[in-house]
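Engineer: Heads up: the sequence lines are chains A and B, in that order.
Going by this note's numbering, the first sequence opens with residue 1, and the numbers climb by one from there.
Going by this note's numbering, the second sequence opens with residue 113, and the numbers climb by one from there.
Careful, some of the hints might be misleading.
[To be verified] Now the stretches of chain A that chain B is said to cover, found in silico as 3 or more residues with beta-carbon under 8 Å: (1) 17-30; (2) 37-50; (3) 74-80; (4) 85-98.
[Stated by the list, open to error] Listed next, the in silico SDA-like pairs over lysine to any residue satisfying Cα-Cα at most 20 Å (straight line): (5) 9/A with 208/B; (6) 9/A with 167/B; (7) 9/A with 216/B; (8) 121/B with 94/A; (9) 9/A with 53/A; (10) 9/A with 159/B; (11) 9/A with 224/B; (12) 121/B with 54/A; (13) 121/B with 207/B; (14) 121/B with 112/A; (15) 9/A with 124/B; (16) 9/A with 207/B; (17) 121/B with 17/A; (18) 121/B with 104/A; (19) 9/A with 206/B; (20) 9/A with 192/B; (21) 121/B with 192/B; (22) 121/B with 12/A; (23) 9/A with 219/B; (24) 9/A with 145/B; (25) 121/B with 53/A; (26) 121/B with 11/A; (27) 121/B with 56/A; (28) 9/A with 37/A; (29) 121/B with 149/B; (30) 121/B with 9/A; (31) 121/B with 52/A; (32) 121/B with 108/A; (33) 121/B with 37/A; (34) 9/A with 222/B; (35) 121/B with 105/A.
Keep in mind that the hints were calculated from the coordinates and are not lab data.
Beta carbons are placed, not taken as given, at the ideal position from N, Cα and C, and that holds for glycine.
Number of protein chains: 2
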Amino acid sequence: MSPMGPQLKFNADGLLPAVAQDGATREVLMLAWMDQEALRRTLATGRATYWSRSRGEYWVKGETSGHTQAVESVRLDCDGDTILLRVRQEGAACHTGNRTCFFTELRDGDVA
Amino acid sequence: MSPMGPQLKFNADGLLPAVAQDGATREVLMLAWMDQEALRRTLATGRATYWSRSRGEYWVKGETSGHTQAVESVRLDCDGDTILLRVRQEGAACHTGNRTCFFTELRDGDVA
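Input sequences plus hints: build the corresponding full structure.
Structural biologist: Set out below in structure tokens:
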């Protein structure tokens, strides 16, 4: 890391996409969004904290559902605009009750 | 899938984030962007095809570098706004020569 810290490239809304991956199974669980403060809180607390675009507020994953994400590592990509979390996921990551949000497979012809 | 096909929720720029994961090791390799046509081409050809926001053009991964991504599966998340690809990655996914773009670990204090 440079003495200046990492070069984070937030989008026009001040957000970065954050991919959460199960640290044990390596399953990709979900993608949510972080602003600088959500990322700072995630690093400081070890609890995955996102910015809810729909509710306009910080969202400690599992705070209401109990489906928490204990953070094992936080990585930044080469161009500084995407975060990868490895987490210990309690219960389902998805609000539908599925373990992962990515339960719908697309096939050729599904998209015009 | 409904008879109407999947409900894709593109962002204001007509794009979805697409996470590429190694199908064998489950390593998360990169995140890039797809519009509807890039997604259609990816499904039709089995070669990961993104929309380059910097160059403003379609980008068949590996077309120039040889570091192709043969698509094993394409999944959509629960709210229709993120794609997950499982790929067979030839060589390095990252333009830096790293296998994955996520080679920088962040720690508490790195982000003010």
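Engineer: Each hint: holds or not?
Structural biologist: Okay, the hints, checked on the actual structure:
no., hint, verdict
1, 17-30, "holds (count 8)"
2, 37-50, "holds (count 4)"
3, 74-80, "holds (count 6)"
4, 85-98, "holds (count 4)"
5, 9/A with 208/B, "holds, 18 Å"
6, 9/A with 167/B, "holds, 18 Å"
7, 9/A with 216/B, "holds, 14 Å"
8, 121/B with 94/A, "holds, 17 Å"
9, 9/A with 53/A, "holds, 18 Å"
10, 9/A with 159/B, "violated, 28 Å"
11, 9/A with 224/B, "holds, 14 Å"
12, 121/B with 54/A, "holds, 14 Å"
13, 121/B with 207/B, "violated, 29 Å"
14, 121/B with 112/A, "holds, 14 Å"
15, 9/A with 124/B, "holds, 19 Å"
16, 9/A with 207/B, "holds, 17 Å"
17, 121/B with 17/A, "holds, 15 Å"
18, 121/B with 104/A, "holds, 14 Å"
19, 9/A with 206/B, "holds, 17 Å"
20, 9/A with 192/B, "violated, 24 Å"
21, 121/B with 192/B, "holds, 5 Å"
22, 121/B with 12/A, "holds, 19 Å"
23, 9/A with 219/B, "holds, 17 Å"
24, 9/A with 145/B, "holds, 16 Å"
25, 121/B with 53/A, "holds, 14 Å"
26, 121/B with 11/A, "holds, 18 Å"
27, 121/B with 56/A, "holds, 19 Å"
28, 9/A with 37/A, "holds, 14 Å"
29, 121/B with 149/B, "holds, 14 Å"
30, 121/B with 9/A, "violated, 23 Å"
31, 121/B with 52/A, "holds, 16 Å"
32, 121/B with 108/A, "holds, 18 Å"
33, 121/B with 37/A, "violated, 26 Å"
34, 9/A with 222/B, "holds, 14 Å"
35, 121/B with 105/A, "holds, 16 Å"
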